[in-house]
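**Student:** One line per chain: the protein sequences are A and B, in this order.
Per this note's numbering, the first sequence runs over residues 16 to 322.
Per this note's numbering, the second sequence runs over residues 70 to 337.
Don't take every hint at face value.
[What the hints assert, rightly or not] Label pairs and their calculated CB-CB ranges: (1) A:Arg-50 <-> B:Leu-184: 46 to 52 Å; (2) B:Pro-233 <-> A:Pro-266: 45 to 51 Å; (3) B:Gly-203 <-> A:Glu-107: 55 to 61 Å; (4) A:Thr-125 <-> B:Ile-86: 46 to 52 Å; (5) A:Pro-295 <-> B:Val-178: 43 to 49 Å; (6) B:Pro-173 <-> A:Asn-85: 55 to 61 Å; (7) B:Ile-326 <-> A:Pro-129: 25 to 31 Å; (8) B:Ala-77 <-> A:Arg-38: 33 to 39 Å; (9) B:Trp-327 <-> A:Ser-168: 27 to 33 Å.
These are computed hints drawn from the structure, not numbers from a lab.
Remember, it's a predicted structure, so these values are computed and weren't measured experimentally.
The beta carbon of each residue, even a glycine, is placed where N, CA and C say it ideally should be.
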Amino acid sequence: MQNYIIRVEEAVQKYRDRDGQMRTVLNNINLRVRRGEFLTVVGPTGCGKSTLLRLILGSEVPFSGKVMVNDVEVKEPSRDRGIVFQKYSLYENRTVRENVMLGLELEQFTIFEPYFRPIKCRRKRKEFREKADIYLERVGLLRHADKHPHQLSGGMRQRAAIAQAMVMQPEVLLMDEPFGALDIGTREAMQVFVLEQWQKDHQTIIFVTHDLEEAIFIGSRIVVLSQYYSDDDGGSTTTHGSMIVKDVQVPWPLPRPTDVKHTKEFNELMMSIRREGLDPDYLQNIKDFDLSHEDAAWWNGGMGWAN
Amino acid sequence: MSLFKVNAKPSINAGRILPLLPFIICIVAYIITAQVRHDENPKDKLVPTSKQLIDGFRRSAFEEDRKGEYRLLVDTIASTKRFAIGVAFLFLGVIIGLNMGMLPYFDLVFYKFFLFFDKIPALAILPILFIVFGLGEVSKIALIVIGVMPTIVLDTYLRAKAVPREQITKALTLDASHLEVMYRIVLPKIFPKVLETIRLNFKAVILFLIAGESLAATAGLGYRIFVVRRYIAMDIIIPYVIWISFLAFLADLAVRIWIRKKYTWMDK
């Protein structure tokens with residue numbers, strides 16, 4: 016069991032909509048993630064992929080079921096799960112370096128310590144500064160360390176956000192559409208960049224995106240979350256909530272050259288995901304899901320889910 | 070003629086001269102009015118000539134009165150002290166608003182209360198303040214605090230609420246405690262905006278200050294205006310009004326410069 020850093024067990028999430036009705040967003044999600052895995056989550060708009068990420072992050076708790084990180088149930092966000100959002104990851108009142116140092120300061124200083132023990136804190140800050148600079152060097156922002164976020168381009172801001180999360184060396188790095196607001200060129204450069212970072216310390220990463228090509232290219236394992244499926248209970252796609260309809264290993268070893276995007280196999284994988292996960296008119300039966308990844312939970316012939 | 074065009078681009082010289090125009094018009098109109106009235110009745114008290122105004126200011130500022138004090142100085146010190154204490158209390162309002170905005174239970178307990186409290190016209194309860202706190206300094210400060218603090222509380226509350234949820238979550242993943250989220254993440258972020266609100270409320274502070282002084286005080290800018298009113302001493306009142314406005318303008322300017330120099334990242 017210790018192999019799995021994250022275990023999501025029969026997680027269901029429901030929200031109350033405007034009419035006061037409960038609406039199921041996630042239906043019975045089972046997911047196990049190994050240490051060092053680069054998992055991408057993809058799915059159509061409104062399928063709840065960000066919800067799944069927030070469950071793992073702990074900013075939401077599931078309606079039923081549970082989320083375990085290192086065999087401890089997740090209750091609220093904590094320092095072992097770092098996060099990079101599409102926006103608002105950086106604090107605009109701090110410089111880039113201060114943003115990266117922030118986590119170290121919050122971890123090691125209590126709230127009033129800088130006022131009562133200024134000498135100790137000044138010495139510590141020097142250490143933090145050196146550590147922050149190592150990470151800024153890594154993301155290529157050392158030259159811009161004294162700028163405020165508003166002076167950076169979108170890509171630079173996301174790199175700073177990644178450094179800000181990575182400096183804490185969290186057990187898991189969660190990324191919620193981190194490149195969603197970037198133009199294509201920057202986006203591809205950032206994908207390569209994240210893969211490089213992952214190679215350096217094989218951090219467990221969960222990467223949510225709506226871009227199919229990105230999801231396949233960047234991940235070692237891909238999970239497709241979708242509300243477009245049929246089950247024998249006859250629930251409709253708008254009410255029964257999303258499930259994991261596909262959970263497969265991405266066949267090419269990481270890191271992979273960008274050329275892989277143009278191969279036949281890559282395109283076939285894209286086509287099958289598009290059909291099984293993203294096409295509202297193609298409703299795959301719950302028994303036919305392609306859950307071929309070795310860690311996937313599979314449908315046990317009407318007996319329930321087997322982990 | 071580009072006077073009524075939204076995309077007009079005034080020249081640099083226009084930028085220098087035009088802002089002065091309304092001031093000049095007002096001053097000239099005043100001088101003419103005073104002249105006309107004094108031609109008719111040399112003893113006119115309502116619109117003193119500029120010479121009389123300057124003389125009035127000189128007597129208040131540079132001549133000792135019967136008690137051997139420089140009145141303008143004494144009044145300015147008394148009023149500034151009250152103003153400063155009042156403004157200091159407004160920062161207490163910032164703390165209250167921050168807690169309300171960040172902690173859902175504080176929100177539930179205090180928000181509706183402050184919303185109602187904010188609607189109480191402070192001047193209407195001035196008699197109560199005088200009865201409860203007496204005629205001393207406490208009731209004057211209390212008037213300022215009761216009159217202005219709810220606005221500051223509610224403004225801080227709304228600004229704290231408007232901080233993106235992501236930034237709060239992010240702070241928790243960076244090992245911030247809940248107290249640190251409030252005081253090390255959110256407060257520094259909203260502080261310049263809050264300062265801006267406090268600055269815009271200087272006017273309300275001064276309003277309540279003068280209202281309090283006019284009813285019970287032994288010194289103060291507002292007190293003086295209301296005392297000399299009995300003698301229709303316009304040559305004192307008008308310089309005092311200009312002096313108060315000038316001080317208020319300076320206080321406002323100081324905070325504006327503070328914000329612009331220290332918080333370069335704001336509004337970006």
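**Student:** Give a verdict on every hint.
**Tutor:** Checked hints:
1. For Arg-50 of chain A and Leu-184 of chain B, the hinted distance range of 46 to 52 Å is satisfied, since their beta carbons lie about 51 Å from each other.
2. Checked against the hint of 45 to 51 Å, the pair Pro-233 of chain B and Pro-266 of chain A fails, with Cβ atoms roughly 39 Å apart.
3. Checked against the hint of 55 to 61 Å, the C-beta distance between Gly-203 of chain B and Glu-107 of chain A comes to roughly 48 Å, which is inconsistent with it.
4. Separation of Thr-125 of chain A from Ile-86 of chain B is about 57 Å and departs from the stated range, judged on CB atoms against 46 to 52 Å.
5. Against the hinted window of 43 to 49 Å, the Cβ-Cβ separation of Pro-295 of chain A and Val-178 of chain B comes to about 47 Å, which satisfies the hint.
6. In this structure the supplied range 55 to 61 Å is violated for Pro-173 of chain B paired with Asn-85 of chain A, their Cβ-Cβ distance being about 29 Å.
7. Taken as a hint, the range 25 to 31 Å holds for the pair Ile-326 of chain B and Pro-129 of chain A, whose Cβ atoms sit roughly 27 Å apart.
8. Taken as a hint, the range 33 to 39 Å is violated for the pair Ala-77 of chain B and Arg-38 of chain A, whose Cβ atoms sit roughly 53 Å apart.
9. For Trp-327 of chain B and Ser-168 of chain A, the hinted distance range of 27 to 33 Å is satisfied, since their beta carbons lie about 30 Å from each other.
Hint check: violations occur at hints 2, 3, 4, 6, 8; the rest are consistent with the structure.
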